[in-house]
Amino acid sequence: NAGVTQTPKFQVLKTGQSMTLQCAQDMNHNSMYWYRQDPGMGLRLIYYSASEGTTDKGEVPNGYNVSRLNKREFSLRLESAAPSQTSVYFCASSASRVSQHFGDGTRLSIL
Amino acid sequence: EDKVVQSPLSLVVHEGDTVTLNCSYEVTNFRSLLWYKQEKKAPTFLFMLTSSGIEKKSGRLSSILDKKELFSILNITATQTGDSAVYLCAVEATGNQFYFGTGTSLTVIP
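So the sequences go chain by chain: X and H. First residue of the first sequence: 1, per this note's numbering; consecutive thereafter. First residue of the second sequence: 1001, per this note's numbering; consecutive thereafter.
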């Protein structure tokens, strides 16, 4: 009964380091999403993938890249981490026209 | 600029009270409005609304959408301590875009 699984749960990076956040879903959903959640800002969409092989920018894509490796997996990469990217990152997936299912989040701190 | 605004930002009530949470939006190419409950970790889905005036209900929770006035409300009756959470409103636009409000933090005191 996994749903959406995110790894790691916590990570501390130094400025300039790179890192990939992993997300996998076992619900056979076509669409997958990456959000960041900051205090007072709500959830903001970074990138999404409507189907395997496609990715599109969301509201705040700068500083991030994504890969839709297959239908199950959608990764988020920070090439050169900055303190402004300290946040909680959520991955979500959905079938067409229904609600999103969220993972438990990755808490990322960049020093 | 597309935006979703929730009010109040926070609310403290006693068990048994009824609360109303508000969500207004300005989003082009509206498709649906969704409500989520977020406790410690992942937001969990409550309602999806696509049509005006049709109330969605689940136990003590209910929600309604007004597409003319661009808002939705979430009502919780007979609140319990387990209702303490952040309630998020989101609007889906065409092209798989989702816009979230900042949430309303609800605390229910025994």
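It is possible that part of the hints are untrue.
Unchecked claim - Residues on chain H that point at chain X, a partial pick, calculated with CB under 7 angstroms:
1) K1037
2) P1043
3) F1098
4) F1100
5) G1101
6) T1107
7) V1108
8) I1109
9) P1110
Hints listed in this document are in silico derivations from the structure and should not be mistaken for laboratory results. The beta-carbon is built from N, C-alpha and C at its ideal position, and this holds for glycine as well.
Structure-based check of all given hints:
1. For the restraint placing K1037/H at the interface with chain X, the shortest Cβ-Cβ distance is roughly 11 angstroms, beyond the 7 angstroms limit, so the hint is violated.
2. For P1043/H, the shortest C-beta to C-beta distance to chain X is roughly 5 angstroms, which falls under 7 angstroms, so the interface hint holds.
3. Against a cut-off of 7 angstroms between C-beta atoms, the interface hint on F1098/H holds, since the closest Cβ of chain X lies about 6 angstroms away.
4. With its C-beta approaching chain X no nearer than about 4 angstroms, F1100/H sits inside the 7 angstroms limit, and its interface hint holds.
5. For G1101/H, the interface hint holds, the least distance from its beta-carbon to any beta-carbon of chain X being 5 angstroms, beneath 7 angstroms.
6. For the restraint placing T1107/H at the interface with chain X, the shortest Cβ-Cβ distance is roughly 17 angstroms, beyond the 7 angstroms limit, so the hint is violated.
7. For V1108/H, the interface hint is violated, since its Cβ never comes within 7 angstroms of a Cβ in chain X; the closest pair sits about 22 angstroms apart.
8. Nearest Cβ of chain X to the Cβ of I1109/H: about 23 angstroms, over the 7 angstroms cut. The hint is violated.
9. Contact between P1110/H and chain X, as hinted, is not supported at the beta carbon level, the nearest pair being about 27 angstroms apart and thus beyond 7 angstroms.
The structure does not agree with the numbered hints 1, 6, 7, 8 and 9 stated previously, though it agrees with the rest.
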